[in-house]
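Engineer: So for the sequence shown, numbering that gives the first Met the number 0 puts the first residue at 0; every next one is plus one.
It is possible that some hints are incorrect.
What the hints assert, rightly or not - List of simulated lysine-lysine pairs, BS3-like, C-alpha gap at most 30 Å:
no.: 1; residue 1: 199; residue 2: 129
no.: 2; residue 1: 129; residue 2: 255
no.: 3; residue 1: 148; residue 2: 8
no.: 4; residue 1: 82; residue 2: 255
no.: 5; residue 1: 267; residue 2: 255
no.: 6; residue 1: 148; residue 2: 176
no.: 7; residue 1: 200; residue 2: 136
It should be emphasised that the hints constitute simulated quantities derived from the structure, not laboratory data.
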Amino acid sequence: MYRIGEFSKMSKVSIKTLRYYDEIDLLKPEWIDNETNYRFYTTNQLVQIHQIQSYRQIGLSIDEIRLILMGKNEELILSKRQKEIEEAIVLMQEQLTRIEFMKEEKGEEAYMSYHAVVKEIPEYIVYSAKLELRDYKDYFTVLPPLGAKVMEMNPEIKCVTPEYCFISNMDMEYREKDIHIEFCEAVDRFGVAPEGVEFKKIESTTVVSVMHRGRYQDFGLAYAYAFDWIEKNGYIVTDNPRESYIDGIWNKEDEKDWLTEIQIPVIKRQ
Numbered sequence: 000m001y002r003i004g005e006f007s008k009m010s011k012v013s014i015k016t017l018r019y020y021d022e023i024d025l026l027k028p029e030w031i032d033n034e035t036n037y038r039f040y041t042t043n044q045l046v047q048i049h050q051i052q053s054y055r056q057i058g059l060s061i062d063e064i065r066l067i068l069m070g071k072n073e074e075l076i077l078s079k080r081q082k083e084i085e086e087a088i089v090l091m092q093e094q095l096t097r098i099e100f101m102k103e104e105k106g107e108e109a110y111m112s113y114h115a116v117v118k119e120i121p122e123y124i125v126y127s128a129k130l131e132l133r134d135y136k137d138y139f140t141v142l143p144p145l146g147a148k149v150m151e152m153n154p155e156i157k158c159v160t161p162e163y164c165f166i167s168n169m170d171m172e173y174r175e176k177d178i179h180i181e182f183c184e185a186v187d188r189f190g191v192a193p194e195g196v197e198f199k200k201i202e203s204t205t206v207v208s209v210m211h212r213g214r215y216q217d218f219g220l221a222y223a224y225a226f227d228w229i230e231k232n233g234y235i236v237t238d239n240p241r242e243s244y245i246d247g248i249w250n251k252e253d254e255k256d257w258l259t260e261i262q263i264p265v266i267k268r269q
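My request is simple: use the sequences and hints to build the entire structure.
Structural biologist: What follows is the structure in structure tokens.
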């Protein structure tokens, strides 16, 4: 057996930490001398402390480690932590991209690169679906199968030319998770609707159109420009903005080449 000081050196773990693990019943000494109160550890416990430190180094909580040491839920706990780390990496990569954007382009210069156009969107027949998505990445996994299902049930239907589809956000506030949208795609006729889909006619409407090239996370600047232009030019917003995706992940590898048209329905102020 090894006294706590010797065990600390061998395990590369401080005495303070070993005492803390003892207090919380995570790793108790093999034996405590009642007269001197010295703590003693065994060689086998070197393996245990190595496991504990390995779990701590990947960010597991004490409660999670305790469950694993009890032989419970190791695969579930590690998978959960893996997902957390992957999501953190994505977030940090987005932050790095934002830093690069801020270094390469001044915000005012990017803002002034936008142009607003007032245009008339004609009346269309569309198939429409109101959806709840986990996040914006679901656009690429949920919407294509939806369109394929509609076309499978209606082989005679064709999309209008030029194609026109758009997404409207139905939430009362900006949300990054559990978002509610309406997806519409213009087609040449009414058809048989799958569950959760409806065919309907949308009326012609006047919109202020702003083209945004780049990542979807940077839509905020395009919206800021559009709403500023609307206010300064005497228009009133009449409905939810539409995001019409022209180029994206399906045909452009580089996010900088993605092209989206922001359309905001308006009327002229009297």
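Engineer: Would the pair residue 129 and residue 255 pass a check requiring their Cα atoms to be no farther apart than 30 Å?
Structural biologist: The hint holds at about 29 Å.
Engineer: For the pair supplied as a hint, residue 148 and residue 176, is the alpha-carbon distance within the 30 Å limit?
Structural biologist: holds (25 Å)
Engineer: Does residue 255 lie within 30 Å of residue 267 when you go C-alpha to C-alpha?
Structural biologist: violated (34 Å)
Engineer: Against the 30 Å threshold, does the CA-CA distance of residue 200 and residue 136 hold or violate the hint?
Structural biologist: holds (28 Å)
Engineer: Keeping to a limit of 30 Å between CA atoms, is the pair of residue 82 and residue 255 held or broken?
Structural biologist: holds (27 Å)
Engineer: Taking only the CA atoms, is the gap from residue 148 to residue 8 under or equal to 30 Å?
Structural biologist: The hint is violated at about 64 Å.
Engineer: Does residue 199 pair with residue 129 here, judged by a C-alpha cut-off of 30 Å?
Structural biologist: holds (13 Å)
Figure legend: structure checked against the earlier numbered hints; hints not met, in rising order: 3, 5.
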